[in-house]
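Sequences are here, hints too, so could you generate the full structure?
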Amino acid sequence: MSVTSGSLLRIEGLRVEFDTPQGRVVGVRDASLSIRPGEIVGLVGETGSGKTMVCRSAMRLVPSPGRIAAGSIEFDGRDVLAMSQRRLREFRAHDIGMIFQDPFSSLNPVFRVGQQVSETLRVNLGLGKSEAHARALELLSDVGIRDAERRALSYPHEFSGGMRQRVMIALATASQPRLLLADEPTTALDVTTQAQILALLTRLSRERELAVLLVSHDFGVIAQVCNRVAVMYGGHIVEAGPIDAIYTNAQHPYTRGLLESIPRLESAGKRTRLPMITGDPPDPTDAVAGCVFKLRCRYRQPGCDEISMALEPVSPGHETACPVRPFAAADMPVTGAGARA
Amino acid sequence: MTTIDVLDQPPAPATEIAAPRGRSGLRGLSLQTKVGGGILVAFVVAAVFAPLIAPYGSNELDFVHIYAAPSWSHLFGTDGAGRDVFSRTLYALRLDLGIVLLVTYPPLVLGVFLGALAGYFGGIVDAVIARIVDVMIAFPFMILVIAVIAIVGPGVKGVLIGVPIVAWALYARLARSQMLVLREQSFMLATVALGYSRKRAILRHAVPNLMRSSLIYSTLDMIANLLLLSGLAYLGLGAQPPTAELGSIIADGQSALLNAWWVTTLPGLVVVLFGLGAGLVGDGLSDGRLGGGVP
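If you read the protein sequences in the order shown, they are chains A and B. So that you can map any letter, position 282 of the first sequence is 328 in our numbering, and since no number is skipped, the others follow by simple counting. So that you can map any letter, position 194 of the second sequence is 358 in our numbering, and since no number is skipped, the others follow by simple counting.
No lab work stands behind these hints, which were simulated from the structure alone. No incorrect hints appear here.
From chain A, some residues computed to sit far from chain B (all C-beta separations above 12 Å):
#, residue
1, Gly52
2, Glu92
3, Ile114
4, Ala115
5, Arg254
6, Glu306
7, Thr324
8, His364
To give an idea of the chain B side of the interface with chain A (calculated C-beta under 10 Å), a few residues:
#, residue
9, Gly286
10, Glu348
11, Gln349
12, Arg368
13, His369
14, Ala370
15, Pro372
16, Asn373
17, Met375
18, Arg376
Keep in mind it's a predicted model, so treat the numbers as computed, not measured. Backbone N, C-alpha and C define an ideal beta-carbon position, used for all residues, glycine too.
Laid out in structure tokens, this is it:
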């Protein structure tokens, strides 16, 4: 057992493989990540980069035919991968919660929302019926459902997307877990609602010392709430660090590309094109030798074919998988910080 | 981050105009469902209280009034033995509805359960259940029922045994295909993420979602079963005389159809009305006014 001082969740060397009829696909390669109690960590990357699989692995919810092929996952010193089915259920019921991208299918359409929240309290915490109901109402008003007593009687289809996501948050945090996995929780919502949901997550995190792993493809979302961020590309974590370090001093060309492609307020009205990352993400069935990003990288060098993709420190807490360091000189600050405003 | 704190407020009430539905589920039902349901409820009440409602016994002979036309003393007239057709129809309804419910709903429960298991677990469980279903559906249904009758002899037993053997398979297939869709929904993943048992996930969270289409189908199934029951009696393979059964009453009156149209026609209309009621309920339910927007 490695020393886990300070971290609540510690993922190391995670590898997720899918055995498909077309051959083996590696969804996540050698990903490492740690989350401290009460911390909000962002996991950003484009579709297919493996971010959802990392997130799901934390509660062993990798969908079939996927499987965790290598690595270790520790939660508060306990080995998640070694848990028996019974232990795993206990763990999911009490220590960790999850919310999903699609608020339209994450609640059971045939039950009233109040019922769904109190069910968790009764099943997972063993509360009595009236006690669970009262607590469910508290939880619902805590996540910002006004007039909870009346609204608890509504069915999910009578709620808007944002309100459903609030209910889902109440449901997932009902048994006071210490870690919440949020897989693209705001992607299906409009921007104002998105800001409200993010603010809610921030507040819950602060009030209950709830750690959050926030998965998103949107750097803007990550920037609003996260303390630290990990950037994924092609199944690898290519850069990780405190949010400020990533924003002001991103070292990986992919991270730079993402940041630069965020529209900025200063360029409003000017007829300038946003920089974009050319090319397509790698096909996960192909094994790429060396750096996974090299085919789309503006700074590619002959040495890129032999890169191990291991993270190397830049500054305390800030690591990158790019040893070329095209931005090492301080004359190239990231220009994409507009999303923070 | 002060800008964010300002935003952490619930949206304006304007976005939540939908008033929560009251405790009574009846208001959410469509007119069709209510009318059809009314017909079915009336039939069930008539069947249950047949001995109290019926003015005469089911086999009470009255040779003075043979083939009497419908009147206030004999609402549906009398048949060739002077028996009151209205009373016989009520008793027949009692027998027929009882059998129809018995051969429709227990197979529905079994079928939905097995279909849910097949769809949820997939793999070997699915393969076994799906193959048995295929065999059952491929089997010529009428021939099976008649074969059972050949073994156990004419009577309602043939239907009671023959129909359930096959009937569950269609519900299982229906439930299985829906479960395949359902298990990909986030709320089914949420049952795992919340640490619920599989039993809870399937029985409490999935099955209520599978029930609707099976209930809709069951209204058609009931009609089919009633017609089968009456049809067999009409052929002389079902309930035996003098048992009051809709099909046998209709068959009895057939020989005197030109002189006494009521003996065949009025019980026949009862069958039609039952079919209409069940059809309306099925149609109304499939309009999506029950529960949420299940795909």
